[in-house]
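Protein chains: 2
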Amino acid sequence: MTIRWLTEKEQRAWRAYIAATHLLEDAIDRQLQQDAGMPHLYYSILANLSEAPERSLRMTDLAEKTKITRSRLTYAVTRLEKDGLIRREDCQWDKRSSFATLTDEGMAVLERTAPGHVETVRSLLFDRLTPRQVEQLEEIFSGIAEAMEGDDERPASDDVPWRRRSSGPCS
Amino acid sequence: MTIRWLTEKEQRAWRAYIAATHLLEDAIDRQLQQDAGMPHLYYSILANLSEAPERSLRMTDLAEKTKITRSRLTYAVTRLEKDGLIRREDCQWDKRSSFATLTDEGMAVLERTAPGHVETVRSLLFDRLTPRQVEQLEEIFSGIAEAMEGDDERPASDDVPWRRRSSGPCS
Chain D
1 MTIRWLTEKE
11 QRAWRAYIAA
21 THLLEDAIDR
31 QLQQDAGMPH
41 LYYSILANLS
51 EAPERSLRMT
61 DLAEKTKITR
71 SRLTYAVTRL
81 EKDGLIRRED
91 CQWDKRSSFA
101 TLTDEGMAVL
111 ERTAPGHVET
121 VRSLLFDRLT
131 PRQVEQLEEI
141 FSGIAEAMEG
151 DDERPASDDV
161 PWRRRSSGPC
171 S
Chain F
1 MTIRWLTEKE
11 QRAWRAYIAA
21 THLLEDAIDR
31 QLQQDAGMPH
41 LYYSILANLS
51 EAPERSLRMT
61 DLAEKTKITR
71 SRLTYAVTRL
81 EKDGLIRRED
91 CQWDKRSSFA
101 TLTDEGMAVL
111 ERTAPGHVET
121 VRSLLFDRLT
131 PRQVEQLEEI
141 FSGIAEAMEG
151 DDERPASDDV
161 PWRRRSSGPC
171 S
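Chains as they are written, first to last, in the numbering used here: chain D, 1 to 171; chain F, 1 to 171.
In isolation and in its complexed conformation, chain D is listed as follows (with noise of 0.2 Å):
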């Protein structure tokens, strides 16, 4: 096999990217725990409930919607639930449909963090965006979300985190 090494060019653009998402990743996550004392995938979680109907998901959808697996879900949700931020509802005819619910306090919590998480998003990222970077952001970015994730004609595989079955040590 002929290895394709990553070019000069390829590998600069990928050091930055990964510089970036761990420093942006790092900054978010500690402007989160200081003000509602939860990392930034539990503000996600809390977040994408709170856009659904009756703020109310099935757990392998809310999986889906925050890209992690089953098993990480799972324990993040069962810390969110003894906060009282979430409830949640296991369907008794099968286990793998439990929905996960907002509650108020959640929603409380979350109106009360948004501010905030907008606001470093903003500092951090997109007041250094010119308006031509945002839309090269997304154009790049939708379109490896995409492939990985399949669509309609080519779903999703069985590797993407939510559906899969059992998770690795890291998970």
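Keep in mind that a hint or two might mislead.
One copy or any two copies: either way a pair holds, since identical chains are not told apart in the list.
[What the hints assert, rightly or not] Result set (SDA-like, lysine to any residue): computed pairs, CA atoms no more than 25 Å apart in a straight line:
{"id": "1", "residue 1": "Lys82", "residue 2": "Ser50"}
{"id": "2", "residue 1": "Lys65", "residue 2": "Glu8"}
{"id": "3", "residue 1": "Lys9", "residue 2": "Ser123"}
{"id": "4", "residue 1": "Lys9", "residue 2": "Ala114"}
{"id": "5", "residue 1": "Lys65", "residue 2": "Cys91"}
{"id": "6", "residue 1": "Lys65", "residue 2": "Thr7"}
{"id": "7", "residue 1": "Lys9", "residue 2": "Asp83"}
{"id": "8", "residue 1": "Lys9", "residue 2": "Asn48"}
{"id": "9", "residue 1": "Lys9", "residue 2": "Asp61"}
{"id": "10", "residue 1": "Lys82", "residue 2": "Glu51"}
{"id": "11", "residue 1": "Lys9", "residue 2": "Ala145"}
{"id": "12", "residue 1": "Lys9", "residue 2": "Gln31"}
{"id": "13", "residue 1": "Lys9", "residue 2": "Asp29"}
{"id": "14", "residue 1": "Lys65", "residue 2": "Asp35"}
{"id": "15", "residue 1": "Lys9", "residue 2": "Gly143"}
FYI, nobody ran anything at the bench for these hints, they're computed from the structure.
Nothing here was measured: the structure is a model prediction, and the numbers come from that model.
We have chain D already, so just place chain F on it with the hints.
For chain F alone, kept in the frame of chain D given last:
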């Protein structure tokens, strides 16, 4: 305070970026777990050492290169040392000046693993980008990273992970 909510376009860009980044990181972690029994971060530690003079870096510099806290790096290096891939040499006069050095076994693991890793990065990311998009990716994220890290005139704040003394529960 007037909240500067994200526009529709910014929201779409943000969500696409977060989704693709989670999926990419998940796929890269799985490939590396399968091929080398380690997550992406550990691979990056080995890769950074392999490029350093005498394959050795001060722990503080290694934390900066991998954009993580010193405590998180210490945890990873301890595990890599246990596996014989890194050798750690503490400076007897200054604990903070300890060095990590890639062992021959670490270099061998890296050389064996690199082709599969690069192929994953290429097939999931670069094969789906035009040459112009590779440039855009670099422009966007090098700007973000540099702004967060500071530069010669405006040094990095104490807020970047590798300068932080203690770290939160998730680091």
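Comparing the hints with the structure gives:
no.: 1; hint: Lys82 to Ser50; verdict: within (18 Å within a copy, 45 Å between copies)
no.: 2; hint: Lys65 to Glu8; verdict: between (34 Å within a copy, 18 Å between copies)
no.: 3; hint: Lys9 to Ser123; verdict: between (27 Å within a copy, 16 Å between copies)
no.: 4; hint: Lys9 to Ala114; verdict: between (37 Å within a copy, 18 Å between copies)
no.: 5; hint: Lys65 to Cys91; verdict: within (20 Å within a copy, 47 Å between copies)
no.: 6; hint: Lys65 to Thr7; verdict: between (33 Å within a copy, 20 Å between copies)
no.: 7; hint: Lys9 to Asp83; verdict: neither (47 Å within a copy, 33 Å between copies)
no.: 8; hint: Lys9 to Asn48; verdict: between (36 Å within a copy, 18 Å between copies)
no.: 9; hint: Lys9 to Asp61; verdict: between (38 Å within a copy, 24 Å between copies)
no.: 10; hint: Lys82 to Glu51; verdict: within (22 Å within a copy, 46 Å between copies)
no.: 11; hint: Lys9 to Ala145; verdict: both (22 Å within a copy, 17 Å between copies)
no.: 12; hint: Lys9 to Gln31; verdict: between (33 Å within a copy, 23 Å between copies)
no.: 13; hint: Lys9 to Asp29; verdict: between (30 Å within a copy, 23 Å between copies)
no.: 14; hint: Lys65 to Asp35; verdict: within (23 Å within a copy, 28 Å between copies)
no.: 15; hint: Lys9 to Gly143; verdict: both (20 Å within a copy, 15 Å between copies)
Checked against the numbered hints above, the structure breaks only hint 7 and satisfies the rest.
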